[in-house]
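> Chains A and B, in that order, are what the protein sequence lines are. In terms of the working numbering, the first sequence opens at residue 1 and continues consecutively. In terms of the working numbering, the second sequence opens at residue 383 and continues consecutively.
The hints are simulated quantities; they were obtained by calculation from the structure and are not laboratory data. Being a predicted model, the structure only gives us computed values, none of them experimental. Each residue gets a CB set at the ideal place from its N, CA and C atoms; glycine is no exception. One thing to keep in mind: the hints can contain errors.
What the hints assert, rightly or not - For lysine-lysine, the following DSS-like pairs were computed, each having C-alpha atoms within a straight-line distance of at most 27 Å: (1) Lys134/A with Lys114/A; (2) Lys710/B with Lys522/B; (3) Lys733/B with Lys241/A; (4) Lys488/B with Lys710/B; (5) Lys278/A with Lys416/B.
Claimed, not checked - Where chain B lies over chain A, by a calculated footprint (3+ residues, C-beta under 8 Å): (6) 214–222; (7) 308–318.
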Amino acid sequence: MATIAGKKSGLVWAVHISVALLVLLWLFPTIGLFVSSFRTADQISSSGWWAALFPAEQNEVYRAADPDDNRVADGDMFVVEGNIFDGTPRDIRSWGVSSRDVSAYQPGETAEMKDGESVTLQADGSYVWRGNDKQLSGRGQRIFITATVPPEFTLENYTTILFSGTGQDNMAKAFFNTLTVTIPATIIPIVVAAFAAYALAWMEFPGRAILIAAVVGLLVVPLQLALIPLLRLHLGIGIGKGYLGVWLAHTAFGMPLAVYLLRNYMVGLPRDIIENAKVDGATDFQIFTRIIIPLSFPALASFAIFQFLWTWNDLLVAKVFLIDATGSTTVMTNQIVELLGTRGGNWEILATAAFVSIAVPLAVFFAMQRYLVRGLLAGSVK
Amino acid sequence: MLSDNPALLGLTTIVVGVGACLGYFFLSNLFLDKVLFPASGPNAGRNINRANMIRPWLFLFPALFALLLYLAYPVFETLRLSLTDRDQGGAFVGLANYQQMMAEPKFWEAVRNNMLWLIVVPAVSTAFGLLVAQLTDRIKWGNLAKSLIFMPMAISFVGASVIFKLIYDTRPEDQNQIGILNAVWLKLDGGIGSVLMLQILPSILLIGFVVIVASVAWSFVRGIIAKGEDKSAWLLPLRLLVAGGALWLIWVSISSLVGIWIGEIPYGEAQTWLTLPLWNNFFLMVVLIWIQTGFAMVILSAALRGIPEETIEAAIIDGANPFQIFFKIKVPQIMGTIVVVWTTITLTVLKVFDIVFAMTNGQWETQVLANYMYDKLFRANDWGVGSASAIIIMLLVTPILVWNVYNARKEMK
Chain A
1 MATIAGKKSG
11 LVWAVHISVA
21 LLVLLWLFPT
31 IGLFVSSFRT
41 ADQISSSGWW
51 AALFPAEQNE
61 VYRAADPDDN
71 RVADGDMFVV
81 EGNIFDGTPR
91 DIRSWGVSSR
101 DVSAYQPGET
111 AEMKDGESVT
121 LQADGSYVWR
131 GNDKQLSGRG
141 QRIFITATVP
151 PEFTLENYTT
161 ILFSGTGQDN
171 MAKAFFNTLT
181 VTIPATIIPI
191 VVAAFAAYAL
201 AWMEFPGRAI
211 LIAAVVGLLV
221 VPLQLALIPL
231 LRLHLGIGIG
241 KGYLGVWLAH
251 TAFGMPLAVY
261 LLRNYMVGLP
271 RDIIENAKVD
281 GATDFQIFTR
291 IIIPLSFPAL
301 ASFAIFQFLW
311 TWNDLLVAKV
321 FLIDATGSTT
331 VMTNQIVELL
341 GTRGGNWEIL
351 ATAAFVSIAV
361 PLAVFFAMQR
371 YLVRGLLAGS
381 VK
Chain B
383 MLSDNPALLG
393 LTTIVVGVGA
403 CLGYFFLSNL
413 FLDKVLFPAS
423 GPNAGRNINR
433 ANMIRPWLFL
443 FPALFALLLY
453 LAYPVFETLR
463 LSLTDRDQGG
473 AFVGLANYQQ
483 MMAEPKFWEA
493 VRNNMLWLIV
503 VPAVSTAFGL
513 LVAQLTDRIK
523 WGNLAKSLIF
533 MPMAISFVGA
543 SVIFKLIYDT
553 RPEDQNQIGI
563 LNAVWLKLDG
573 GIGSVLMLQI
583 LPSILLIGFV
593 VIVASVAWSF
603 VRGIIAKGED
613 KSAWLLPLRL
623 LVAGGALWLI
633 WVSISSLVGI
643 WIGEIPYGEA
653 QTWLTLPLWN
663 NFFLMVVLIW
673 IQTGFAMVIL
683 SAALRGIPEE
693 TIEAAIIDGA
703 NPFQIFFKIK
713 VPQIMGTIVV
723 VWTTITLTVL
733 KVFDIVFAMT
743 NGQWETQVLA
753 NYMYDKLFRA
763 NDWGVGSASA
773 IIIMLLVTPI
783 LVWNVYNARK
793 EMK
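Chain A on its own, in the form it takes in the complex (with noise of 0.2 Å):
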């Protein structure tokens, strides 16, 4: 678009190529994690997540059937028919009966040995196993083989994290103490914030451009500084650590964000629309819930993803406010920094848990990025 004129095909090739590896390189680090969460605790500590995706190398040691149970006469010499694989079929790659060289055939091909003893092994481990009275008898011969390992997934941590972990491994408790957490913290705001940034919007009163400043002014300070205070708050007039006093904080601590985004989206509306309905009789309290709040929608979504994603994937305020002593309370964030600390090695168990935490936050994303991406681009100040 911007170079018609001076369009190279080199050039965007180039551009093509830096735009794939830039996207490979920033997705990487998820695609591990979701990998790792899929794979056993001996699989992630034998190898890296990359080179579970492609299908492995691997020596493996059968024996034939015993023959003296399962021998069968064949003109002057016995046979011993079977599989080696018991259920679970390999793609052999090559084999052989010697540990001294492990590969020396093909599937399909026979191996002589001495005295006109020999194996012929199929690609689908059925074997067939020749040679004279001597020589099929004691155990059974050893094949050696390597196999193509397709790459192997499993569920179970999933299960351990979700259903039947105990005690830290468990998130189930800690992700619904996350949705309750979460849900009245979004909500909430979004009324209390629409109501006053409908105010700031479209009533005339004094001091209403300072208040407007004064919310800019709030969007930044660091909620570190309210912590300490609004503790000895909660804990002063009997709140305590918990539900309440979360969701109060979040409240608030959304707040700004909520009044700045919904008062620019709020003044952008048709003047024409809401002069009309006033001359019409209606009072402002109509005007809001019949008018501007249906009219707001993309600006309350906006805020509403915000809220919900910072609130799911907050940390401090939950530590602060709402996770006493006991810990039932606890909410995901918070069990993984202390899996961390107590499984660090784990990765099993830790990359499910991180996974299971972020799974929503990335649903939410993916289906309502729209209103995310208005939202951003309203809310950072110009």
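Dock chain B against chain A, hints included.
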């Protein structure tokens, strides 16, 4: 019974909370219109005017109350607490807390690291964001690419910390490395590829950085000497500050440039990345850069789209190449947006807590102010020093606060 079931409690809260809000607004309006100043009777006209003077405050009250109690009051209360000592029953101790804090090496470590974060994270995120915004602007699958790079915005700092801890993971020598960084590191062996990746490439980046810093600093310092520039008094300290900061940055860059070529590089040994002093700060910053690049990209991409087409066409006709168009036509036109993105990321950096808390908890010289404050408040239980460090964070935020308010007021006029 209610408190036993958090889900039920949450549902009740939504119903009660939303109901109470709506009820408050509806009933207070009703009360105002029907009881206090009824729009009928002998004084109908005067009553309507009075009601309309009060109504905005009814609409504003809950939000204002929340803002004042939860954001404005704590600023002053924290300031007061930072001048008192909890152990002495909250007695006024003047600046003792600040003195105690300044005497702690851990505080200065946090300040130093915060400065590094403040320089590196906004700069790199904005640069990457601008790069991606520009590159994706003209290709068909640009929107898909943007949405994938934007995705980390939805991931919590804690989740991102776990993701990157896996990348930085270290296993003992005799085991397979499962962290990708160590797996790649062990592939480097001092050959030409390694020299290119670890010495030549970083050197080029560092030299580029020094050039940019020097040119920015020069454009500030020039004003002190040159004629015809704005010589107002309040600009002088700013200019000196920028010059000082730039000198420090250049010194750090040049000394690390020398370090790259002189130092022994421990090839073939798995590294515990998060315990390497100074370097580990950068490994933590990567997490935030990974998250914030998408934000910068979205805003800058919209700004790039908003550039008037004619300016670019004119440049093409005059024979400008794509790089000239980008740096001389596009970037100057979106400078305002770049500043906004930069300051917004700066604010995020100042408050960064979760990443450090989850990954190193400030050990191995990775402390930052927000985590230092948390340590003081909730581990050492020292409210005075904790509040003092919160005030330091507030002081660092204040210039941006003033600038934002100033711009917002200018825009409204």
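> Output the numbers, in ascending order, of every earlier hint that fails for this structure.
4
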